[in-house]
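Asks: Chain by chain, the residues:
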Amino acid sequence: MKTVNLEQLLEDYKSGWGLEQPFYTDHGIFELEWEHIWKKYWLFAGTIAEIPKAGDYFIYTAQKDSIIIIRGNKGEVYAHYNTCRHRGSLICLEERGNAPKLICPYHQWVYGKDGELLKARLMPDDFDRSFHGLHPVQVRVADGFIFISLAQKPPDFSKVLDDWSPFLKPYQVHKAKVAHKKRYELRTNWKLIAENFRECYHCGPAHPEYCNAVIGANLREPVEELLAERRVEWQNKGLAVDTIDFVDDSFHFAIRYPLRPAVLSYSLDGKAVAIPMGDHQDFNAGVVGLVMYPNFWMDAVSDYMWTMRLTAVSPSRTIIDLTWLVDGAAVEGSDYTIDRLTDFWRITGEQDWKLCENNYRGVESSHYLPGPYAPVELDVARFVDWYVERLREGIAETASL
Amino acid sequence: MKTVNLEQLLEDYKSGWGLEQPFYTDHGIFELEWEHIWKKYWLFAGTIAEIPKAGDYFIYTAQKDSIIIIRGNKGEVYAHYNTCRHRGSLICLEERGNAPKLICPYHQWVYGKDGELLKARLMPDDFDRSFHGLHPVQVRVADGFIFISLAQKPPDFSKVLDDWSPFLKPYQVHKAKVAHKKRYELRTNWKLIAENFRECYHCGPAHPEYCNAVIGANLREPVEELLAERRVEWQNKGLAVDTIDFVDDSFHFAIRYPLRPAVLSYSLDGKAVAIPMGDHQDFNAGVVGLVMYPNFWMDAVSDYMWTMRLTAVSPSRTIIDLTWLVDGAAVEGSDYTIDRLTDFWRITGEQDWKLCENNYRGVESSHYLPGPYAPVELDVARFVDWYVERLREGIAETASL
Amino acid sequence: MKTVNLEQLLEDYKSGWGLEQPFYTDHGIFELEWEHIWKKYWLFAGTIAEIPKAGDYFIYTAQKDSIIIIRGNKGEVYAHYNTCRHRGSLICLEERGNAPKLICPYHQWVYGKDGELLKARLMPDDFDRSFHGLHPVQVRVADGFIFISLAQKPPDFSKVLDDWSPFLKPYQVHKAKVAHKKRYELRTNWKLIAENFRECYHCGPAHPEYCNAVIGANLREPVEELLAERRVEWQNKGLAVDTIDFVDDSFHFAIRYPLRPAVLSYSLDGKAVAIPMGDHQDFNAGVVGLVMYPNFWMDAVSDYMWTMRLTAVSPSRTIIDLTWLVDGAAVEGSDYTIDRLTDFWRITGEQDWKLCENNYRGVESSHYLPGPYAPVELDVARFVDWYVERLREGIAETASL
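Residue numbers (my numbering), protein chains in the order written: chain A, 178 to 578; chain B, 178 to 578; chain C, 178 to 578.
Do not rely on the hints blindly, as some may be mistaken.
It does not matter which identical chain is meant; a pair holds if it fits inside one copy or across any two.
Said to hold, decoys possible - With a straight-line cut-off of 30 angstroms between C-alpha atoms, the simulated DSBU-like cross-links for lysine-lysine are:
id, residue 1, residue 2
1, K241, K230
2, K359, K531
3, K278, K531
4, K531, K358
5, K359, K346
6, K191, K296
7, K531, K230
8, K296, K531
9, K241, K531
10, K241, K191
Hint data in this document are derived by calculation from the structure and do not stem from the laboratory. All of these numbers come straight from a predicted model, not from anything done at the bench.
Build out the structure end to end from the sequences listed, making use of the hints.
Replies: Below is the structure:
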């Protein structure tokens, strides 16, 4: 069994070149990633459109942790570890539902939506319920997007809120409707998906549908003129236009970019697939793209929003959860159909899943060697820089303890 | 990878509170359990009702060991490791059958039922067959119940025989008939099942059928009066009534307790499901419950007997084998039907399997913390004490070697 | 977790007795085998009958390595690691096909059949393609049989070529036709299969069809007379007759032996199942058997050839790939049918796979002990000697570095 010398690998890392194999395949490095990235940063869980009413909840499973995300009585959102303080049983057994109270199915201990232990039958008089509430998980809501953190002191979220709000507000996610959800379990490392989503070097050959919708995605067309024109139109409508780029150790990103002229939506025929969403009055908002490392991607066109949540399961396993949101007033059948709404990202996504799985199989080779990134893959290189820096930071922190 | 400090965990263990997570999830601790509990004590294998004739055998698989339990020519029972002394092949390939001789399917070495090597064709003249018999496994039969031990010097069994015999004799297991067998493979730790079967804190909400049959199982009814009445009736019939409780380091238990008035059997409607079993003349024997740590539970009513054999496969996997036995003279179709016979424990058992699997998933949480047992869970606390003591003992023995 | 002391095990090894359990079950030893045997020696990949035209390729997967075996423009054969030098993706995604050029499906880097990087779009001017060709794998072709080596300096192959050529030439494999392929994934260690194929102690009871075809396979008949007769006939036809035995550290073997009188082929009825193959004019060539450690077995009769490729996946998993080859001119339906062609080895092979899987299950027992080989198992003992010697050698080399 080869021992991986992570310190050496981190020292040898050369920006502009890919990561060495163990970063994708080694279980020890995976655990460090989990410790220093997944458990330290914010993780996208879902949107409040999924839990519109008090007591509505859904479960997010991250490694061995099942986490209850539940709507409170005043619209607030709570997150709790789904393990009873008595003998540890799961409390919520279903992926989603409504629970006026959280009652453990084993011995019926009763918790409030806020996690407080309300009742524990047949316990002695000196049992102190106040010490036995559910373990809380940090939660923040950004214009309807729910992020949780498994850290006790997660990084500041206010900058994200400030930066993203102008992009998100017009979609009025709190009034939106979940039109469709789809899950994929891929045999690949989560970073290969993240890398895939940070470059369009592959788009020309791999994504004909995407390139039909997005000007320049094939890397063979000028986009400056159209972009400049659109920016003026967007600004006149009060839409955010200035890219929020990754800087230093920041972990969030936002952009607005144009569709081809005459293309109204992410769809196979370029036509709209639903009614304008939220405050939008037409189909001219282009595409808003958000990224938050390590697990969140979102693309929104004028008539729908598509979110991608990654969940790293092991070095070689990643779960992808996709959600399509439309305006709350949109009626299935008349305003949209699931097929037309989801075709574009189902097709484009599945092209990527296949690339990412084949990428993983090749990276596993005894003769895989990191190659140089092409200049058009700069953002991949920057993601990998960010990733390497987080591990370095984490290891340094641990060493200083 | 977190290293588990077992000594510390054992030292920190607090009676009356649950076990820390690693006792349920850690592979190293699982191996120590196997060494110091499963391989040291007696394991229930099955009953002689399963192997009524000479040469009848069945296989019990425990970890990597396949063990042949076979009936000898005079009714005696042998147990052998199912591995040929030539090149190691399995000898018996089927779960059960009849074998006048044990013949290895690879090169046809022939063994007797007692394990002696009778023939090894084409071996040289100086080959000594007497050194190449099957490796024996210790075996004891208690009123028709077959227990094996993988230890060379297993604990004394005579106390078990003495204590249990008065409870078991009336059932005449050697004349009984196997009516049904059912296997479950659960994703849970074996101890969570053992714990589940040592308390009725969960019975009221979880087991309506069971509570309909057993007075007091819901923890909300007085049972003393009925019990006192029944004890007199039972004693008058010569039935054992005094509980054999777990004491010190003992590992077996027996009890007789009453069904509700007018309830004759463990059945959904309270009516009998078969003819009285063995020496019983009526349906008034209540319930006889036996337990032997780590893997045996039995409940017998007047007309049938239900055995549960646990087999720990890994920290998170446990196999449960259930067997329903009826009187040897009972005829399927007229005296009993499989459905009526098995409904009660199938339903009650499956309620428990679900609880135990959900318990495991919650115990895996990074935020699982052992909670306090309720006073009505005293017997769970005692089982856990017993378990912890066995590990302490085992580690001390190893250290002293 | 028991630690395996390999040095001690190797020192204690007693020729003539089986291997201790860890050689079959331990992952560390498996990795050393991979290092010191599978990665050092030659591995059978397939035949050129599978890739008759330029650009025809197939994939051989060995552990994490996917290897492309591709036919060049002049009939030569190349082997490359199937991992792109850019970001590592698999290049060939299908098990077999035809590729004028090897184009990575991710970002379209283009390689020649010889592995040279021909094109990498959008890379900077100073990018040197000549440093980014596919990693080569050593390859040798022996009368149409393709062997690869993952070693940089594999053992000399010329002796194999010289020794085997007289046996193989008459079959004209370069003009042969792949009639059928079949894959099995067995739960057994690869060495148990190798051992099985080096003795006929088991043949009498286990292989009635095989014993019907091969005189003496049951170990109960004299073969000398028939063999002497046949040798004369074979020599008169110019067929090779002298056995190439394993000697010292050699790893290849060849033999010709007779079928029973009146038996023309490996078939259930003894009749021919196809037209004579290659240069053969009749059905009197007996059986040519080849072996190359660690992964190649071949049996050829006058009318067809059967190859067996082993691939060790883990201590307990082995893939077997079988291929049936017939004369290039043979027409399915009229000259042969798949059923008649494959029945003999499908039946005989499946008898062996079952033996080998049951052998593994018994070897896993805590009480498995290596037994003595029977005198008729001498060749098994010699294989095991060879194997043990390779590990000793490998460990010594590593130690001297």
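Asks: So, for every hint listed, does it hold in this structure?
Replies: Verification of the hints:
1. K241 <-> K230: within (28 angstroms within a copy, 49 angstroms between copies)
2. K359 <-> K531: both (16 angstroms within a copy, 27 angstroms between copies)
3. K278 <-> K531: between (42 angstroms within a copy, 21 angstroms between copies)
4. K531 <-> K358: Answer is both; intra-copy 20 angstroms and inter-copy 27 angstroms each pass.
5. K359 <-> K346: Close inside one copy (25 angstroms), not across copies (58 angstroms); limit 30 angstroms.
6. K191 <-> K296: Cα proximity of K191 and K296: across copies only (24 angstroms, versus 57 angstroms in one copy).
7. K531 <-> K230: For K531 and K230, the Cα distance is within 30 angstroms only across copies (29 angstroms; inside one copy 38 angstroms).
8. K296 <-> K531: between (50 angstroms within a copy, 23 angstroms between copies)
9. K241 <-> K531: both (27 angstroms within a copy, 18 angstroms between copies)
10. K241 <-> K191: Only across copies: K241 and K191 sit 25 angstroms apart there, 34 angstroms inside one copy, limit 30 angstroms.
Checked against the numbered hints above, the structure violates none of them.
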